[in-house]
Amino acid sequence: MLLVEKLGYRHAHAANWALNGIDLELRPGRALLVCGHSGSGKSTLLSVLSGLAPHYLKGELRGRVSLDGEEPARLTLSEWGRRAGLMMQNPEAQFLAASVEEELLLTLRCRDVPARRAAELTADRLERFGLEAIAGQSVFQLSEGQKQKVVLAALTALKPKMLLLDEPSANLDPDSMAELGLTLAGLKEEGLTMVIADHRLSWLDGLCEQALVLENGAAARQGGWDMLKDPDLRKTFALRSIDPPARPAFGPGGGPGGGPGGPTDEARDGLIMENLSFAYPGRPELFSNLNGEFKCGLVTVLTGPSGQGKTTLAKVLCGLEKPGGGRVRFRADGGHAADQCQVILQNADHQLYMASVRAEMDLSLGVQSGKMRKYPETDSILADFGLKELAERHPQSLSGGEKQRLTAAAGLAAGARFLVLDEPTSGLDGLNLRLMADQIRQAAARGPAVLVVTHDLELAGLCADALLTLPG
Amino acid sequence: MSTDLLSSSAGLTRLARALSTGRGLFETRDLVTIGLFAGAAKASTVILALAGGGMNPVTMILKSLVFSALWVVLLIKVPKTGALTLANTVAGLLGFFLLGQAMISLPSLIAATLATEMLILGLGGLKKRPWLAAPAVALSELAMRLVNLFFSYLGAREQPGLVIMVLIISAFSYIGILLGLAAGLKMARELRHAGLIQD
Amino acid sequence: MPDLSRIRPAGADRLGLAPEVRLGLTLLASLAALAADDLWAAATLLAASGLYLILQARLRTIALAYLFFGAMAMTALGCLWLLSFVFPALKEASPAAVIVPFSRLGVSVNMVLPLALHASLSGLVGTMNRLPIPGLVKLPMLVTIRFIPTFINDFSQLRQAVRLRFRGRAGLLFWCRRPFLWWRIFFMPLVVRLIRSADELAVAAELKGLSAETDFGRAPIILKKADRATLALGAAAVTAASILQVFHAAG
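Protein chains in written order, with numbering that gives the first Met the number 0: chain C, 0 to 471; chain R, 0 to 198; chain L, 0 to 250.
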């Protein structure tokens, strides 16, 4: 049984406690959902339960955590890791080997399992998780769902007592989420205790019996799953819906404002794709003869299962990949999107270059006008995107959401007519999801055609003028 | 006498184990960071050589610039004696295994770096004086170039004039090393400001 | 994500030698070439290593490599010729004094090319498991091999991000006047990703229990018939060169 008593944790050099006075009791074979708005302490709680804090993250711990009487504080991180396995938000970051089979073998060898036994256990896990067909494949080529399966296979090989999952649904499409739910249900039946921190709730209905809502590092609410059915509670703590989101309903044209396939609006400029086809060398066509128009001032949401070419279509539209056939142009002047396009990537680390938020904006305005200097309009643009208070901060020290806003602001300042956002809401709570939807709509209102590539149907429901799904 | 022998042999075993695992000197996170920087340094030089042609002076300077800037950032992130030697060993072994580079000179190159680190330790060490990262890289790269020149001389001892080309290449790439030191120190300061390198 | 197997360069490998055999032979040949200063001994090593190369690389690849090293050799000779105006003694060198150093370069090219052509990051893990490498070095090497594809992917993402943000904006002159801006734009995000990746992988390694003390065991080196035959022929060539060096040089 997992017992947490009066748990508190303070990060090294921090003044405030990131976790404060948390009590928990979780019986074997049961699952607990930990939710709350971004920064409420979910990941910190998982760090403590996994032993990372304070073994690795040297902070101050008070209170007690125990699993069947054993405490992480009294064991080494490696010893505790045999009892409690952590799956991180980005499973790829956990891989230390190149192929699926090697990853499982390496994990076992690190735990001093003899070579022959490690090989037997690896074969068993490959079969149990249906990974035999991809055993020799590079871990970098797997889908997000497959990567999670490899991590789970490695974590469960030595029969731990508890699994900890940090934002497991953040990068999954609805089908993969359902599959992950089934996998976890199977592991629960084997007696594993689970603690799952996540913002997306609907897929956890039926999997988690208990829920803990965190606020400012403390347990704001704690109880059974049904507690989350209260809409006031969800609103108070910025939680997402517990019902599976429906695809936004549009008329037969596809979208109210006229995205691809939507009603036409001749007065409005737009980015047109004509008979667009694409295939990677030596592989079947990802899409062919796509036609449609991304209207300026409107938001088109591109959704659908993973692997169907959503990101590739966005790259083709922006000129990063050359289409096999067809063309892309602005209707008004026939201009290419390539020179007038900005993409806001899910991980904005690659898109921030300067030493301060202000300098980042000045760079965008500078390359637009050809002169590097301090621009007076920087402040007003930063204010529009809620970044004025952060003007002197280093861009790489911002949170994920703040970085995305800065990249969008910089892209628009650089004169983008076509704006693409790639999975802008992965890892966002309900409040920030709604804020992001508002900002996407505001960005579209400034003039560019906006394309949002996402699995998140809640986001689509909040901001889409038109919906585009690639044919399977 | 026999007890002394036994205890000294046990001590030697412990020392050998400590040297082979780095216990007490490096934590796993240090070794991971060293490995990543070594990989990045090697990959960047290969990418730059492929992009600009290995033998043009601009590429040579740029390659060394990137290399030494990365090394300075590494030493400020992992300010431990032995970090530079280990990083050079890993980068050297990668070149050795994948490209057959420095087959004969590798042990001397490692020894040259270790000697530099001992000197830096004598000057107070990287923990006390992080700016020593720059002289550490400058000196170790100079020592390594001298070792390389010696082996080039051995290879062309019948006609030492042929070594002049190696000398020119070494000089160009060392200009890049010196430029990279300043870039590395500036970058480390900024990374600290961004919270990516902690004290 | 890049495919590790795509990092492996293609080559016509008729022998299929174990990497350890290639490494051992290259080391042996390099040492022998360095020691030999007799013209016939050097020629023997050059011929044997040339045969070794022909059996493991396409002719086109060999021609390209020799073209490149030929250009280097010509540049070195050009430098020598210029120097001879300052130091006239350089003009009086015997042909052997010029040929022997270049034969050493030739042996080096012949031996290193197969190694580089047939080495791969994924194969390196196996090589490391068969060689006595201390944990202190093995762990960072393992991490390096795991990380290089991620780094290459980061680099290509950065290239795309830079193209999207700056393509078609400002002129060439704007960029030429600001080399430091280029440095910032290309290098800073890469170093940031490097540090973040280091932190993430360190957490993964700690959770797995991976450390310099992890005992991976040693896989045995298994030599096939071709490995043994090549080793024997290599040893014979070095022995022949040594005999020529000792007796012909003395004679």
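Hint data in this document are derived by calculation from the structure and do not stem from the laboratory.
Fair warning: this is a prediction, and the values are worked out from it, not measured in the lab.
Cβ atoms here follow ideal geometry from the backbone N, Cα and C, with glycine treated the same way.
Accuracy of the hints is not assured; some may be wrong.
Said to hold, decoys possible - Under the rule of at most 25 Å between Cα atoms (straight-line distance), these lysine to aspartate or glutamate pairs were calculated in the DMTMM-like manner:
hint	chain 1	residue 1	chain 2	residue 2
1	R	185	L	198
2	C	187	C	242
3	C	387	R	189
4	C	158	L	36
5	C	387	C	401
6	C	187	C	24
7	R	126	L	198
Said to hold, decoys possible - Short derived list, chain C residues pointing at chain R, Cβ under 7 Å:
hint	residue
8	354
9	355
10	395
11	396
Here is how each hint holds up against the structure:
1. R:185 / L:198: Since the Cα atoms of residue 185 (chain R) and residue 198 (chain L) sit roughly 21 Å apart, the hinted pair holds (cutoff 25 Å).
2. C:187 / C:242: 22 Å, holds
3. C:387 / R:189: 21 Å, holds
4. C:158 / L:36: 64 Å, violated
5. C:387 / C:401: The hint holds at about 11 Å.
6. C:187 / C:24: 17 Å, holds
7. R:126 / L:198: Since the Cα atoms of residue 126 (chain R) and residue 198 (chain L) sit roughly 20 Å apart, the hinted pair holds (cutoff 25 Å).
8. 354: 6 Å, holds
9. 355: 9 Å, violated
10. 395: The hint holds - residue 395 (chain C) has a Cβ within 7 Å of chain R, the shortest such distance being about 4 Å.
11. 396: 5 Å, holds
Comparing the model with each numbered hint stated earlier shows that hints 4, 9 do not hold.
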